[in-house]
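4 protein chains.
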Amino acid sequence: MIQSKLNLRVRYSETDQMGFVYHAHYAQYFEVGRVETLRKAGYSYKLLEEKGIYLPVHSLSIKYHRAAQYDDELTIITNMNQMPSNRIRFDYQVLRGEELLVEGDTTLIFMNSENRAARPPQWFLDHLKPFFKS
Amino acid sequence: MIQSKLNLRVRYSETDQMGFVYHAHYAQYFEVGRVETLRKAGYSYKLLEEKGIYLPVHSLSIKYHRAAQYDDELTIITNMNQMPSNRIRFDYQVLRGEELLVEGDTTLIFMNSENRAARPPQWFLDHLKPFFKS
Amino acid sequence: MIQSKLNLRVRYSETDQMGFVYHAHYAQYFEVGRVETLRKAGYSYKLLEEKGIYLPVHSLSIKYHRAAQYDDELTIITNMNQMPSNRIRFDYQVLRGEELLVEGDTTLIFMNSENRAARPPQWFLDHLKPFFKS
Amino acid sequence: MIQSKLNLRVRYSETDQMGFVYHAHYAQYFEVGRVETLRKAGYSYKLLEEKGIYLPVHSLSIKYHRAAQYDDELTIITNMNQMPSNRIRFDYQVLRGEELLVEGDTTLIFMNSENRAARPPQWFLDHLKPFFKS
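Protein chains in written order, with our numbering: chain A, 1005 to 1138; chain B, 1005 to 1138; chain C, 1005 to 1138; chain D, 1005 to 1138.
With the rest of the complex left out, here is chain A:
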């Protein structure tokens, strides 16, 4: 398993008139989280795209328990629990201190530079294997 933790502060632009973070913006926090997780595994997502590998989101699911507010400092915990197959799944938790605010997950597929579904490149899988040894 690969895990990353990062902190970010809620921007004013991310609030809505209800006075909380607009619900869709957590998907952006998730994105920041999974990019950090890949970086921790030794691969920047930017490098993947430069090699012609894209990871579009195939499904997204979010549960909102409590709402984050402007200027809150949030912790984003991201887990890649399984070795990727044709898909990669990431699980996310958004916390404020010890308090769990939001949970979610995304499944991403591999796409090549002709915008077609593709198998993950072997060098990418080889690189990730050591993190998932039993």
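Honestly, I wouldn't trust all of these hints.
It does not matter which identical chain is used: a pair holds within one copy or between any two.
[Unchecked claim] Under the rule of at most 30 angstroms between Cα atoms (straight-line distance), these lysine-lysine pairs were calculated in the DSS-like manner:
#, residue 1, residue 2
1, 1067, 1050
2, 1050, 1009
3, 1044, 1055
4, 1133, 1044
5, 1044, 1009
6, 1133, 1050
7, 1009, 1067
8, 1067, 1055
9, 1055, 1009
10, 1067, 1044
If you're looking for bench data, these hints aren't it; they were derived computationally from the structure.
Based on the hints, put chains B, C and D in the right spot on chain A.
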């Protein structure tokens, strides 16, 4: 059941460097869709907030089948299939012409102006009932 | 001169916790306006990009007189007052009914597909000339 | 004068299909910058709002020299060069390493909780004065 259909055109600001609509923005299209559905039922969401009723999103789920692109004209179909209880569920389809691009659903809860979970007001339920007669 | 007028409704996602449209989002409304202006002149911006012509923004200026609110129906008036040279300038007004809320302008430059500043293509200039005859 | 410097990394969601940061998002970076500047002066903007003081943007101006890209680490330098009167002006520079990408400025006005223009509170001015002693 209450259904709304509306068209919107993808804005440049909604694309990302993959050349498609950034995946989180469909949650905004869904929001436009459910506001239109409430309006069709005779209630603007704006009016609800003015009466102290807020509808924060409690869960969100999206499946991405095909990607929308800049300047595409999309159709957002939103269904409220069940009479609301303490929650309201909306189901969404995003189409480009006849082609289904994205599906999703959201569950919303009722919140009062002190930011606490609340029961839906009776006048709101009374108003919706005729749409769900069997 | 070329002018376009279009209406759009403020989305919930575009508000911030002050209860108004977040100030940066007017730049997106401007973008919708200038795309409509080009379309009225017979060229979709999408087509320009497909021909390898990009129009990145070189400068942006906005004056905020009054704030738009959620669900407001706004009118975006966009003017191209001068024949483009190496740059294109657009001027914008955002109104709610008769009331002027926001004014602004952008200057865009021409860029080719290698991301370098370029001269506007002759066919593009030829196409626009009739709109600016004295 | 009060100055703040902060670093932030470009998010994928902030790019557009041109492959660069969407131009309007710099206004959000500016906002992060001025909040940090106020914090450095000893006032969180959040606290100001809790005291009923709002600072809506009255004018915004941006010049784009070079484009930032996904995953770039940017430095936002924000200057408050003058003691606020009825308005506060901030000047911004966005750099990638030593390279100046974008410059801009905003003027903000003071607004009270009834959404009316207001004079800045004396305690706020008293607090800032020491930073602008000649």
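Hints and how they fare:
no., hint, verdict
1, 1067 x 1050, "both (28 angstroms within a copy, 24 angstroms between copies)"
2, 1050 x 1009, "both (19 angstroms within a copy, 25 angstroms between copies)"
3, 1044 x 1055, "within (18 angstroms within a copy, 40 angstroms between copies)"
4, 1133 x 1044, "within (14 angstroms within a copy, 45 angstroms between copies)"
5, 1044 x 1009, "both (10 angstroms within a copy, 26 angstroms between copies)"
6, 1133 x 1050, "within (20 angstroms within a copy, 42 angstroms between copies)"
7, 1009 x 1067, "both (19 angstroms within a copy, 26 angstroms between copies)"
8, 1067 x 1055, "between (34 angstroms within a copy, 26 angstroms between copies)"
9, 1055 x 1009, "within (26 angstroms within a copy, 34 angstroms between copies)"
10, 1067 x 1044, "both (26 angstroms within a copy, 27 angstroms between copies)"
Hint compliance for this structure: every hint is met.
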